[in-house]
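Student: Each chain, written out:
There are 2 protein chains.
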Amino acid sequence: MQAVDQIIIPRWLIPVDDSKAALQDSALAITDDCIVAVDSIAAMRAQYSAAEEIVLPEHALLPGFVNAHTHAAMTLLRGYADDMPLQEWLQDHIWRAESKWVDENFVAVGTDLAMAEMLHSGTTCFNDMYFFPEVTAARAEQAGMRACIGMIVLDAATQWAQNADDYIGKGLELRDSLRHSQLITTAFAPHAPYTVSDEPLERLRTLADEMDCRIHMHVHETDYEIKQSIAKHQLRPLQRLQKLELLGPRLTAVHMTQLLPSEIENLAARAVKVVHCPQSNLKLSSGICPVAKLLSGGVDLALGTDGAASNNDLDMLAEMQTAALLAKGSSENPSALPAHDALEMATLGGARALGLDDTIGSLKPNKKADLIAIDLSDPATQPVYNPLSQIVYSATRRQISDVWVNGKRLLKDRRLTTLDSEEITRKAQQFAQRINAQRQ
Amino acid sequence: MQAVDQIIIPRWLIPVDDSKAALQDSALAITDDCIVAVDSIAAMRAQYSAAEEIVLPEHALLPGFVNAHTHAAMTLLRGYADDMPLQEWLQDHIWRAESKWVDENFVAVGTDLAMAEMLHSGTTCFNDMYFFPEVTAARAEQAGMRACIGMIVLDAATQWAQNADDYIGKGLELRDSLRHSQLITTAFAPHAPYTVSDEPLERLRTLADEMDCRIHMHVHETDYEIKQSIAKHQLRPLQRLQKLELLGPRLTAVHMTQLLPSEIENLAARAVKVVHCPQSNLKLSSGICPVAKLLSGGVDLALGTDGAASNNDLDMLAEMQTAALLAKGSSENPSALPAHDALEMATLGGARALGLDDTIGSLKPNKKADLIAIDLSDPATQPVYNPLSQIVYSATRRQISDVWVNGKRLLKDRRLTTLDSEEITRKAQQFAQRINAQRQ
Numbered sequence: 001m002q003a004v005d006q007i008i009i010p011r012w013l014i015p016v017d018d019s020k021a022a023l024q025d026s027a028l029a030i031t032d033d034c035i036v037a038v039d040s041i042a043a044m045r046a047q048y049s050a051a052e053e054i055v056l057p058e059h060a061l062l063p064g065f066v067n068a069h070t071h072a073a074m075t076l077l078r079g080y081a082d083d084m085p086l087q088e089w090l091q092d093h094i095w096r097a098e099s100k101w102v103d104e105n106f107v108a109v110g111t112d113l114a115m116a117e118m119l120h121s122g123t124t125c126f127n128d129m130y131f132f133p134e135v136t137a138a139r140a141e142q143a144g145m146r147a148c149i150g151m152i153v154l155d156a157a158t159q160w161a162q163n164a165d166d167y168i169g170k171g172l173e174l175r176d177s178l179r180h181s182q183l184i185t186t187a188f189a190p191h192a193p194y195t196v197s198d199e200p201l202e203r204l205r206t207l208a209d210e211m212d213c214r215i216h217m218h219v220h221e222t223d224y225e226i227k228q229s230i231a232k233h234q235l236r237p238l239q240r241l242q243k244l245e246l247l248g249p250r251l252t253a254v255h256m257t258q259l260l261p262s263e264i265e266n267l268a269a270r271a272v273k274v275v276h277c278p279q280s281n282l283k284l285s286s287g288i289c290p291v292a293k294l295l296s297g298g299v300d301l302a303l304g305t306d307g308a309a310s311n312n313d314l315d316m317l318a319e320m321q322t323a324a325l326l327a328k329g330s331s332e333n334p335s336a337l338p339a340h341d342a343l344e345m346a347t348l349g350g351a352r353a354l355g356l357d358d359t360i361g362s363l364k365p366n367k368k369a370d371l372i373a374i375d376l377s378d379p380a381t382q383p384v385y386n387p388l389s390q391i392v393y394s395a396t397r398r399q400i401s402d403v404w405v406n407g408k409r410l411l412k413d414r415r416l417t418t419l420d421s422e423e424i425t426r427k428a429q430q431f432a433q434r435i436n437a438q439r440q
Numbered sequence: 441m442q443a444v445d446q447i448i449i450p451r452w453l454i455p456v457d458d459s460k461a462a463l464q465d466s467a468l469a470i471t472d473d474c475i476v477a478v479d480s481i482a483a484m485r486a487q488y489s490a491a492e493e494i495v496l497p498e499h500a501l502l503p504g505f506v507n508a509h510t511h512a513a514m515t516l517l518r519g520y521a522d523d524m525p526l527q528e529w530l531q532d533h534i535w536r537a538e539s540k541w542v543d544e545n546f547v548a549v550g551t552d553l554a555m556a557e558m559l560h561s562g563t564t565c566f567n568d569m570y571f572f573p574e575v576t577a578a579r580a581e582q583a584g585m586r587a588c589i590g591m592i593v594l595d596a597a598t599q600w601a602q603n604a605d606d607y608i609g610k611g612l613e614l615r616d617s618l619r620h621s622q623l624i625t626t627a628f629a630p631h632a633p634y635t636v637s638d639e640p641l642e643r644l645r646t647l648a649d650e651m652d653c654r655i656h657m658h659v660h661e662t663d664y665e666i667k668q669s670i671a672k673h674q675l676r677p678l679q680r681l682q683k684l685e686l687l688g689p690r691l692t693a694v695h696m697t698q699l700l701p702s703e704i705e706n707l708a709a710r711a712v713k714v715v716h717c718p719q720s721n722l723k724l725s726s727g728i729c730p731v732a733k734l735l736s737g738g739v740d741l742a743l744g745t746d747g748a749a750s751n752n753d754l755d756m757l758a759e760m761q762t763a764a765l766l767a768k769g770s771s772e773n774p775s776a777l778p779a780h781d782a783l784e785m786a787t788l789g790g791a792r793a794l795g796l797d798d799t800i801g802s803l804k805p806n807k808k809a810d811l812i813a814i815d816l817s818d819p820a821t822q823p824v825y826n827p828l829s830q831i832v833y834s835a836t837r838r839q840i841s842d843v844w845v846n847g848k849r850l851l852k853d854r855r856l857t858t859l860d861s862e863e864i865t866r867k868a869q870q871f872a873q874r875i876n877a878q879r880q
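Here the protein sequences line up with chains A and B, keeping their order.
Here our numbering is used: the first residue of the first sequence is 1, the next is one more, and so on.
Here our numbering is used: the first residue of the second sequence is 441, the next is one more, and so on.
Derived from the structure by calculation, the hints contain no laboratory data.
Glycine included, each C-beta is placed from N, C-alpha and C at the ideal position.
Please note: incorrect hints may appear among the correct ones.
Derived Cβ-Cβ restraints for the label pairs, each shown as a range [as the list claims (entries may be wrong)]: (1) E265/A / T858/B: 24 to 30 Å; (2) Q668/B / L235/A: 46 to 52 Å; (3) A43/A / T598/B: 46 to 52 Å; (4) E53/A / D860/B: 29 to 35 Å; (5) P497/B / E173/A: 42 to 48 Å.
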């Protein structure tokens with residue numbers, strides 16, 4: 001008998017692999033931070049002796065969600081401004097509030113609130129882009145969450161850095177400080193084609209090649225972005241990125257609501273990863289990412305919530321449902337993005353977009369133990385003909401009962417084990433009161 | 441001091457009226473089945489003495505949701521078949537299962553499961569269309585839920601009735617038996633233009649006029665329906681209904697995804713009520729109801745989930761969020777369907793579509809006490825700048841803590857008081873096992 005730390009015995013086990021199966025009578029074993037085995041309950045009990053056996057009789061066990069695009073700390077601006085045109089929302093409200101309020105403390109409290117929300121809703125890893133990324137990284141490490149922290153780059157000065165060189169320098173310093181982390185990776189995060197000029201983009205491409213580092217960027221979010229680029233550069237943003245040799249397998253391009261058929265072919269050929277953020281795109285009327293066409297064209301897809309100021313939550317279950325419904329509605333094909341494909345976007349697809357698909361994103365031996373349990377006993381997810389259908393089309397976040405990251409149980413029977421929800425909420429409320437009182 | 445049964449003191453009170461306000465320092469008083477007063481806490485304590493005072497410190501109090509279109513008992517087919525073309529889904533799966541399984545017992549168990557789900561998610565009243573409506577009515581009365589029960593009519597025979605005359609006869613008998621009910625009303629429910637021929641439709645129009653009874657019907661759900669009608673009748677379905685004099689203030693037309701500008705004008709002029717079912721329409725790729733155009737054209741709008749076989753839940757919070765996001769995305773206007781308008785569709789708009797807007801749908805004195813509390817202390821709905829934004833864009837169903845229907849607290853601190861969730865779930869699972877075992 002081989003000793004393991006935990007054996008988990010769920011009602012259904014969904015590995016997220018080519019079988020697209022929901023296994024019954026199966027179990028999973030964890031030792032330290034790793035999945036040791038996925039096998040039948042009988043085989044598992046014959047071979048392994050567990051320090052702890054966790055039986056989840058009405059639950060599905062699946063890989064944790066990978067939120068492939070967010071700005072975690074923006075939870076502090078959740079619902080600050082809604083239902084208005086994009087430029088008014090951004091310039092008169094969000095940017096104004098950010099320039100006044102964003103500092104280390106804002107990012108610490110906002111990130112903690114985001115992680116409390118993400119863990120409760122089954123997200124085990126997030127791909128972040130925001131200011132003071134060293135604070136986001138430290139908070140994630142402290143909470144035990146996995147994250148890919150964006151080394152943000154802009155031309156313009158902000159509270160965090162003065163110019164592109166300053167951003168890149170600070171980012172590289174952060175990357176270096178995190179080189180031994182078990183949980184945190186980094187990616188270059190040039191904000192968008194319209195906020196970063198050619199010279200820093202060329203430097204990032206060279207650095208990314210040298211360091212084998214991914215690039216995380218908003219691309220083709222709106223029609224306005226395309227028109228602006230054509231006016232300024234006589235090129236669509238994707239053409240400009242190609243000219244700058246950024247259009248390759250290291251690029252994770254977020255939003256992509258405006259795509260020509262030839263661009264979809266090019267993305268597939270160059271193995272660019274695309275992140276779909278359907279709720280944010282709908283709420284801001286940015287356009288709709290052509291998910292069905294991208295999938296049939298062979299482009300790797302991931303799913304993200306975007307920040308809480310434009311979503312207004314970081315709930316990957318809800319995002320997955322919206323993605324699945326919207327793909328069918330917008331492609332006029334009810335077979336588009338079936339349940340397992342939507343789940344794959346939210347898990348293994350996200351891992352691919354972060355360059356972590358050897359490490360996380362599915363349940364198989366030797367991967368890190370990042371996994372979640374969803375309790376399907378709620379009347380809204382009964383009866384169960386197919387747990388995949390219930391998870392994608394009917395479940396909501398409070399049905400997530402347990403979350404493990406790197407083998408550690410961060411949500412246990414719906415309670416956070418590393419974060420103090422009440423204390424975080426109290427701090428977030430204090431911030432909101434100050435921000436609201438000084439609203440211009 | 442006037443004696444009242446209950447005084448409820450929430451953090452925010454959202455009456456759903458022209459003020460579009462979220463009131464603070466306000467309270468609501470209930471006696472028997474009615475709202476007696478909505479006033480400041482101070483005024484309320486000065487004037488009323490309550491047998492019970494309920495303080496909800498982190499909650500918003502609002503009218504209960506009115507699900508303006510569903511087939512409650514179809515919860516037993518939730519997730520039975522997904523991700524396939526409409527005709528295959530309907531003919532090869534849903535209709536086949538229904539013809540084999542739908543009987544009094546199916547409808548009783550399915551309706552109970554639906555009501556457990558609806559009460560947990562804040563729905564206090566539902567507009568139903570299904571077979572064995574006398575069973576649905578009896579179960580709703582038993583559980584204490586408000587419902588408008590459709591007197592379903594088809595040309596074709598089913599387990600419940602042989603032909604249109606038989607359906608109408610059984611429906612009228614049911615209506616008569618419910619004439620003293622405090623909770624249940626009835627409406628004629630001819631299934632759709634393509635399943636009911638001219639003669640019964642004319643008879644229903646006469647009966648509806650004589651009895652001042654509403655008509656609840658699927659109309660313009662898909663492009664295929666329009667084409668079929670033109671081929672058969674040389675008329676679009678709305679033209680045919682107009683010719684049959686059914687296009688008037690008594691008609692509640694569900695789906696309406698295919699509408700010409702002239703048809704929108706006509707709907708407004710004739711005061712037809714339209715029910716939007718965005719999740720079902722997306723999932724089946726039926727098309728998108730042009731909500732922004734209908735609202736600006738002055739058409740009264742309500743919101744429905746449709747049945748759980750095509751949604752796959754009966755969650756009005758999720759439906760409201762989808763409606764708000766989709767209206768913006770599909771109209772390319774981020775100001776379309778702002779939060780309070782979406783909430784009005786889900787409450788007062790539903791009451792209008794059921795002819796119950798004098799009775800329910802908003803919080804004001806002399807209306808029936810149908811109301812719900814949403815707990816906003818969840819990290820995903822913090823901090824709160826505007827509770828309307830949190831409710832429409834961020835909250836999920838398990839944040840519904842309390843539900844009152846007709847003054848009676850049917851959900852108390854997240855527990856059902858009139859339904860036994862475990863027993864219902866057990867029966868639903870037994871049904872699903874039998875249905876699955878004999879799947880053809």
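Student: Hints numbered earlier in the text: which of these fail when held up against the supplied structure?
Tutor: Checked against the structure, the only hint that fails is number 1, while the rest are satisfied.
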